[in-house]
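FYI, the numbering for the sequence shown is 23 to 716, going by this note's numbering.
Keep in mind the hints are simulated off the structure, nothing from the lab.
Note that the structure is a prediction, hence the values are computed from the model and not measured.
Do not rely on the hints blindly, as some may be mistaken.
To be verified - Simulated restraints on C-beta separations:
hint, residue 1, residue 2, range
1, F111, Q414, 29 to 35 Å
2, V338, Y240, 45 to 51 Å
3, L564, L437, 33 to 39 Å
4, G605, E470, 41 to 47 Å
5, E682, Q453, 24 to 30 Å
6, L241, G182, 25 to 31 Å
7, V701, G605, 27 to 33 Å
8, Q453, P688, 42 to 48 Å
9, V527, L392, 42 to 48 Å
Quick reminder that beta carbons are idealized off the backbone N, C-alpha and C, glycines included.
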Amino acid sequence: MSRRRDDIEGLRAVAAVLIAVYHIWFGTVSGGVDVFLLLTGFLVTGSMVRALERDGRIGIGAFWSRTVRRLFPAGAVVLGAVLAGAFAFLPRSSWTAVIADVQAAALYHANWHLALGSVDYMARDSASSPVQHFWSLGVQGQFYLLWPLLLTLAALAAAGAGRRVRAAAAVAVAAVFALSFGYSLWITSAEPAWAYFDTGARLWEPALGGLLALLLPYLRLPRALRPAAGWAGLAALVACGAVIGDSLPYPGYASLWPVLAAVLVLVAGAEGEPGRWSANRLLGLRPLVRLGRHSFPLFLWHWPVLVFYLEVTDRVEPSLTGGLLVLGVSFAAALATSWLLEGGIDRVLRDRRTPSWSLAAGVLFAVPVLVGSLAWGAGIEQQRETRARLSQDPTAYPGAAVHLSPELAANLPALPVYPDTTTVKRDTIAQTSECNVTIPSTELISCEFGDVDSEYTLVLTGSSHARHWFQALRPIAEHHGWRLVTMTKNACQFSAEEQVFGGEVYDECTAWNAQVAAEIELMVPDAVFGLGTLTQQGDGSLEHVPDGFVEHWRWLDGLGVDVVAVRDTPRFAFDVADCVDRGGRCSQDRGYTMAAASPLEEAAGELPGNVRTVDLTGYLCGEQECPGVIGNQLAYYDDNHFSYSFSSSLSVLLEPLLLEALPDAPVADTTLADRASSVIGGGEAAGEPGADGI
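Turn these sequences into a full structure, and let the hints guide you.
Here it is, written out as structure tokens:
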């Protein structure tokens, strides 16, 4: 490509605007990122192969240095603004996640960071990360590391075989394209959440751009077809987001649409000056070319501006005028960023364009972001440790144990909640992550706690709503000398029924349940602890005892295994930790998810004889509302899962109910409730759940 192609800058502008528009108003895939990846491969491959043909080498160090100087400063400016915006606008509960996301983005592995988070069901955030879009820069950065090495090896192979460099490069790039595209189809079908961020599933897009750059001289469209091809490609690209939206797994086959649309535009403008009425002439107009030169900072700014706007306005999606405001602010910030960097860095480095200076200029922008994020994270950790020390006083942070002392409940001091909202999600998930199975996996993971040599075994199994009882059960098992075995899987109930997740049959859950059943049959524990009902957000009358639960209980009865069926816990219409950070009244109407009467009680006469039911709703909710903070402890780290600390505090209330349900279990001389009552100042225990309200 010897002549300058202004239509490529125009194509960048269209891609950036499409990304922003579809993100702001529709929240769907636009295809713009795919175009950026294609253009990256197209321009980089063409430039490198010409350098190999001309000089016999690429100058890898210089290339990487220039890339750092071009990408790092703008990215660092936006990341620094994100840190400041998160501190100013986002709730404390999101800070640690934002810090981790910013660090991953600054080091150009945001795609892998997000991929790992995408498969963690319990770690999913209710709000998007303000740097989520940096995943594509991670893919590009990894492409920039790989590509000069690949083409250099291809050139060496060509020299050894006496072949042309361009032919060898085409073979190497075509091989990457074929392997990556085949992998993309497979991984998108198998694990779509992971595939979206996977470099391997995206590498075919810049590879196709590289292949196009090498083959473009041989792809000659008839002059009469060029305008039609250009307009067809541009129209298909603009319509991509509306046609595909969120209806198809992505990338996979669906990503061919925007990539091939951009290929049509590039091929249509390959020969000579574009025709007067061609799409390529439109793309080469000065306004679009100028916008294209600011497309990178516009892409970087639009997403955090949107996230902060939605947070400040407390909206789920922007209005038309709000969206225009987001777009206008993003464009103004992009212009300011370009002016700052082009007028600053380029002026300073005008006479210092050596690789070392370019590298230093880029790195110096990233260092303050990394240092600032590390310092902020250290400060949060220090606050966490301070609250952890304060929480050791059970009269200050009794959690659910506040029900053991009406006097304490009436005189509880007003203190900042514990655990700290900035780290509660991370800390809660970490406690059981190694003993839990994620959504895409069917592996059976079994962990043992308490007295592993005990003759009495209690199994905890089921979904995350069974999992969050672990911290309540563990102290009981340890105190009374039981063996506690956990087998849990995200979003998967211990049930004989076929289950659904994300609108599709949850086959991984079925396979996992079969393994759990086989393990229980082999182990024959004394008792199994799990959910007895299922709640749903929005209507308490939907709480029910699933038939699949009862079927499994009858099977366990045949094995001689007792069942402790615990009533499901409340769900909230909001993230409790976020609500606490905003200083709101963080309670939910009891009827939002909980039935007026326990379905377990109503079904008591129909349950197998081995089933004992436990209901702690009276300790979790008052007559009208379910609070998010109980006994100065954050009861839920999101909108439906106990925090690790609050779950642990429930042990003193669960213990007497559990001992009553399991009369054959060994019992220690004293109980946890006795010890807790003496520590928090005595008083008469609350007795039955709900006796004193909350």
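Verification of the hints:
no. : hint                       : verdict
1   : F111 with Q414: 29 to 35 Å : holds (33 Å)
2   : V338 with Y240: 45 to 51 Å : holds (50 Å)
3   : L564 with L437: 33 to 39 Å : holds (36 Å)
4   : G605 with E470: 41 to 47 Å : holds (42 Å)
5   : E682 with Q453: 24 to 30 Å : holds (27 Å)
6   : L241 with G182: 25 to 31 Å : holds (29 Å)
7   : V701 with G605: 27 to 33 Å : holds (31 Å)
8   : Q453 with P688: 42 to 48 Å : violated (26 Å)
9   : V527 with L392: 42 to 48 Å : holds (44 Å)
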